[in-house]
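Visitor: Sequences are here, hints too, so could you generate the full structure?
Per this note's numbering: the sequence shown = residues 1 to 204.
To be clear, the hints were calculated from the coordinates, so they are not data collected in a lab.
Certain hints may be false.
As the list claims (entries may be wrong) - Listed next, the in silico EDC-like pairs over lysine to aspartate or glutamate satisfying Cα-Cα at most 20 Å (straight line):
(1) K145 - D88
(2) K91 - E4
(3) K147 - E201
(4) K91 - D165
(5) K91 - D172
(6) K147 - D88
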Amino acid sequence: MNFEVIDNLFQAVLLGVMSAAALAAGLRRGSRKCMILAFAYACFTMGTLYYLLYIVIIGNNPKVFYVAEASWLASYLFFLSLQIMRCDGMKVRLRLLPLIPAAGVGVSIVLCGIFGPSVIMSVLFALTVGGVLYLSIFRVAGGGKNKYTDAVMIASVVLQVALYDISYFTHDYTRFCPYFAVDMLLTLTLSALLPVTLVEERRV
1 MNFEVIDNLF QAVLLGVMSA AALAAGLRRG SRKCMILAFA YACFTMGTLY
51 YLLYIVIIGN NPKVFYVAEA SWLASYLFFL SLQIMRCDGM KVRLRLLPLI
101 PAAGVGVSIV LCGIFGPSVI MSVLFALTVG GVLYLSIFRV AGGGKNKYTD
151 AVMIASVVLQ VALYDISYFT HDYTRFCPYF AVDMLLTLTL SALLPVTLVE
201 ERRV
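Guide: Here's what the structure looks like:
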């Protein structure tokens, strides 16, 4: 079996399960953070499912995949919403320490054309991911409480961008390679957002 199918199936199943778990936790606890995570996981899962179905039906990976990228962008918009919510009560200011890596990631996304010919989607994704990274580093550097969630967010963004960078050097998706190692690690890292969020809410 094509390893890309295995990788995407693993991601779709795991994040789909995490979406259901986050939804259940959100409804049971009345937690807005868990509900946001549920929607983020669901969007990411839908993008991956589209990508997976395309591979299975067409026989190769899509060269331009606006449906999948729109879903992944929506997922990170929910992650950004979560970080904005977690910054409630903090005075978020412009600081150099979080700005440099956030701007660096944003510029690299736009210049590399991660989303192919769609400049608008690349810019939107750069702004969204840059915002997530900025707020996460700001909270860590600024003494925000419950930094585990921020650490997982930072790791997710780094792995997401690294995945796109590695894809430029990957030509054979039929066998296991560093691309799939990073993608699976990204999936596991994203999945960790729910348990660290639940721990965070218990401490409040």
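Visitor: Confirm or reject each hint.
Guide: Okay, the hints, checked on the actual structure:
no. : hint        : in the structure
1   : K145 - D88  : 12 Å, holds
2   : K91 - E4    : 43 Å, violated
3   : K147 - E201 : 12 Å, holds
4   : K91 - D165  : 34 Å, violated
5   : K91 - D172  : 47 Å, violated
6   : K147 - D88  : 15 Å, holds
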